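S.K.: With chain A held as given, fit chain B onto it using these hints.
Going line by line, the protein sequences match chains A and B.
Residues in the first sequence are numbered from 1 upward in steps of one, following the numbering used here.
Residues in the second sequence are numbered from 1 upward in steps of one, following the numbering used here.
Hints were generated in silico from the structure; no laboratory data involved.
Because the structure is a prediction, the values reported are computed rather than measured.
Honestly, I wouldn't trust all of these hints.
No copy labels: a pair is met if it fits in one copy or bridges any two.
Said to hold, decoys possible - Straight-line Cα separation of at most 20 angstroms, EDC-like style, residue types lysine to aspartate or glutamate; simulated pairs:
(1) Lys44 <-> Glu147
(2) Lys121 <-> Glu133
(3) Lys44 <-> Asp146
(4) Lys44 <-> Asp59
(5) Lys40 <-> Asp192
(6) Lys135 <-> Glu124
(7) Lys44 <-> Glu124
(8) Lys2 <-> Glu42
(9) Lys139 <-> Glu124
(10) Lys2 <-> Glu90
Protein chains: 2
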Amino acid sequence: MKIYEKSPAPSAQRVSLFLKEKGIDVERIDVDIRGGENLKPEFKALSPNGRIPVLVLEDGTSICESMAICRYFEASHPDEKHLFGNTPTEQAQVEMWNRICEFQGLYTAFQAFRNLTGIYKDRETCIEAWGVESKNRIKQFLPQLDERLASTTYVAGERFSVADITAYITCQFIKNLEIDASTYSHIERWLDLVSARPAFQ
Amino acid sequence: MKIYEKSPAPSAQRVSLFLKEKGIDVERIDVDIRGGENLKPEFKALSPNGRIPVLVLEDGTSICESMAICRYFEASHPDEKHLFGNTPTEQAQVEMWNRICEFQGLYTAFQAFRNLTGIYKDRETCIEAWGVESKNRIKQFLPQLDERLASTTYVAGERFSVADITAYITCQFIKNLEIDASTYSHIERWLDLVSARPAFQ
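Chain A extracted, bound-state conformation (with noise of 0.2 angstroms):
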């Protein structure tokens, strides 16, 4: 079993993370994505939409989408801390705010850097207002993340999950966009909790 990856990218980090929470280790392989390695065909035929990270299991079967990925290993390696949710309503939520941090969050971040800076023109057409408009939309979110954090002690509830893994990796990642999360209070108490983690050493 190996994963193919670039490390210090966003999804990886969110992979990395939860294997750690889990205790699981893989090996890994690291893609040069700014040299184009994950377009050649060789790659292509391992990860389905020729993204990284790339899950390759024994029989073959390639497991792309950092979600995915992770819901293999909790699937084949079930434990105490739950990271997807527990009960039905707790696995609900998990998925909620998972998606609620990944859509408002890391994904209209990953959509402004992109635009903004213009990292894969070489591959792809950016529209430098879609850029601007995603910060903004970045800095509409915050508050809300906030407001949540602000009755919660973690973002799906009183568990830490995987919803955690990717409001933090989303609040390291707007750095980029010189966005400082820690300037919202419950935010700071939040991150200071999760940081603290031995998995997030």
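M.R.: Same frame as chain A, but now just chain B:
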């Protein structure tokens, strides 16, 4: 238990098809989104991100995000259909393909539609050039989906899953962008197959 929704909206339809597949009947209440009913404090108290659909449980817990609502019913009403997959590998493949169809399909189509039509310009900044680019990305995604469906019966493999619901809703929604997915022969074969299911009548 109640679901607040706008019944013709793609996200409400995803939940609706999922519940029909599982044979679960839930009371529905229509919310006037165009009229801004979802922006009022009463609705915002129900939905953490002010969006529909929202499931409100008997104990008052609110769950928004379509996939979180579907996961609630999957966990509370498990059955032999395993719409989110059964084994760890299958669960991961369903999550992977559902996400590929969401990010490259449905959400890209939403961004194209909202930015091109300005349907919600009273509440969001629209960037027409991003609408054009998003529409181009949908057109680039369809051959990928077609290639996938050349080798598998359903989107995530040999079993019908929630990924088929997402892909089907995408194919329906992009008609609003004057894109006809059925011009791709493998997509056409699969659309005929899923459209014939009782839940899709």
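S.K.: The structure should be examined with respect to each hint, and the outcome stated for every one.
M.R.: Verification of the hints:
no.: 1; hint: Lys44 <-> Glu147; in the structure: between (42 angstroms within a copy, 13 angstroms between copies)
no.: 2; hint: Lys121 <-> Glu133; in the structure: both (18 angstroms within a copy, 13 angstroms between copies)
no.: 3; hint: Lys44 <-> Asp146; in the structure: between (40 angstroms within a copy, 16 angstroms between copies)
no.: 4; hint: Lys44 <-> Asp59; in the structure: within (18 angstroms within a copy, 47 angstroms between copies)
no.: 5; hint: Lys40 <-> Asp192; in the structure: neither (41 angstroms within a copy, 34 angstroms between copies)
no.: 6; hint: Lys135 <-> Glu124; in the structure: both (19 angstroms within a copy, 13 angstroms between copies)
no.: 7; hint: Lys44 <-> Glu124; in the structure: within (17 angstroms within a copy, 37 angstroms between copies)
no.: 8; hint: Lys2 <-> Glu42; in the structure: within (15 angstroms within a copy, 49 angstroms between copies)
no.: 9; hint: Lys139 <-> Glu124; in the structure: between (25 angstroms within a copy, 14 angstroms between copies)
no.: 10; hint: Lys2 <-> Glu90; in the structure: between (31 angstroms within a copy, 18 angstroms between copies)
Figure legend: structure checked against the earlier numbered hints; the only hint not met is number 5.
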